[in-house]
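Here are the chains, one letter per residue:
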Amino acid sequence: MFDLTGPELHEALTLPSTLSTVEIVEAKATEYAEKAGFDEDTASQISMVSREAAVNAVLHGNKKDPNKQVRATFSLTSKDLTIQVADEGEGFDPTSVPDPLSPEGLLRPSGRGIFLMRAIMDEVNFRKLSPGAEITLVKHRN
Amino acid sequence: MSMNVKIRHVGGVTVLDLSGRITLGEGSIGLRDAIRDALAAGSKKILLNVGDVNYIDSAGLGELVGAYTSVKNGGGDLKLMNLSKKVKDLLVITKLLTIFDVKENETDAIAAFA
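For the record, the sequence lines run as chains A and B. The first sequence begins at 0 in numbering that gives the first Met the number 0 and counts up one residue at a time. The second sequence begins at 0 in numbering that gives the first Met the number 0 and counts up one residue at a time.
Just so you know, these hints were derived from the structure itself, not from any lab. Just to be clear, a hint being listed does not mean it is correct.
Mimicking EDC-like on lysine to aspartate or glutamate, the simulated pairs with C-alpha atoms at most 20 Å apart in a straight line are [as the list claims (entries may be wrong)]:
hint	chain 1	residue 1	chain 2	residue 2
1	A	Lys67	A	Glu89
2	B	Lys71	A	Glu103
3	B	Lys94	A	Glu103
From chain A, some residues computed to sit far from chain B (all C-beta separations above 12 Å) [unchecked claim]:
hint	residue
4	Ser46
5	Val57
6	Asp64
7	Pro65
8	Thr72
9	Pro99
10	Ser101
11	Arg111
12	Asp121
13	Arg140
Even for Gly, the Cβ is constructed at its ideal location relative to N, Cα and C.
Take these sequences, add in the hints, and give me the full structure.
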């Protein structure tokens with residue numbers, strides 16, 4: 000998934016399990032999306048799904064546990080923008096989320112975060128950590 | 000920046016002018032409170048003007064769905080107007096555009112409330 004020539008830009012942040020982390024990840028994703036040259040709408044969508052990944056890590060993964068941290072990495076290569084968000088929670092099964100486009104799913108107030116990631120990014124990968132879970136979001140630059 | 004709500008009454012319709020961000024936390028709670036207050040005040044026809052909403056996340060979409068369900072369950076009608084391209088794109092992706100009655104402008108929206 001990474002450009003073998005290595006990243007042009009790379010940053011790794013270790014952040015607390017608070018909602019301020021969500022804002023930090025969103026702002027950093029916006030900064031990288033703009034550096035990657037995406038148009039305003041696309042940059043806004045990338046920032047929004049990065050925010051979703053951070054919300055999942057803080058609320059569902061770490062459950063706002065002050066002893067657990069969120070690690071967010073941002074990498075920009077000539078080909079891709081890659082954003083990874085990892086938590087230290089109990090892990091996450093992405094197949095457990097009901098389809099938000101199903102007739103009953105449409106009126107559910109939650110469960111659209113993962114769907115939006117998949118709809119907006121070119122690649123979305125989930126990895127189980129010990130402990131925790133990692134979401135990798137990739138958008139091709141072209 | 001969180002969400003702001005201004006309330007107007009036009010021809011028997013309660014218009015909520017929303018601006019800012021409808022996101023997890025203050026923004027989504029602000030919308031929920033505004034809908035609750037409008038319903039408690041007896042409003043049955045509620046129009047959400049989202050023209051100045053510049054950012055919305057999945058929690059914000061959830062609040063819009065919650066608003067729709069609350070108003071419908073209370074025997075009322077909820078419509079949206081002035082969707083920006085950004086907000087409309089999200090409603091298309093999530094198929095929520097099939098749920099909401101969306102109008103281009105206030106004149107059309109007010110006229111559409113029977």
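To see whether the hints hold, each was checked on the structure:
For the given pair, Lys67 (chain A) sits about 11 Å from Glu89 (chain A) by alpha-carbon distance, which is consistent with the 20 Å threshold. For a cut-off of 20 Å, the pair hint linking Lys71 (chain B) to Glu103 (chain A) stands: about 16 Å separates their Cα positions. For a cut-off of 20 Å, the pair hint linking Lys94 (chain B) to Glu103 (chain A) stands: about 12 Å separates their Cα positions. At roughly 8 Å, the least C-beta separation between Ser46 (chain A) and chain B is not larger than 12 Å, which violates its mark as non-interface.
Remark: the non-interface label on Val57 (chain A) conflicts with the geometry, its nearest Cβ contact in chain B lying 10 Å away (cut-off 12 Å). Distance to chain B confirms Asp64 (chain A) as a non-interface residue, since its nearest Cβ pair spans about 18 Å, more than 12 Å. For Pro65 (chain A), the condition that its CB be more than 12 Å from all CB atoms of chain B holds, with the nearest at approximately 18 Å. At the 12 Å boundary, the C-beta of Thr72 (chain A) stays outside the reach of chain B, the nearest C-beta of that chain being 21 Å off.
The beta carbon of Pro99 (chain A) is not kept farther than 12 Å from every beta carbon of chain B, the shortest such distance being approximately 6 Å. At the 12 Å boundary, the C-beta of Ser101 (chain A) falls inside the reach of chain B, the nearest C-beta of that chain being 10 Å off. Not every C-beta of chain B lies more than 12 Å from that of Arg111 (chain A), the closest at about 4 Å, which undercuts listing it as non-interface. No beta-carbon of chain B is positioned within 12 Å of the beta-carbon of Asp121 (chain A); the least distance is around 15 Å.
For Arg140 (chain A), the condition that its CB be more than 12 Å from all CB atoms of chain B holds, with the nearest at approximately 20 Å.
Hint violations for this structure: numbers 4, 5, 9, 10, 11, all remaining hints satisfied.
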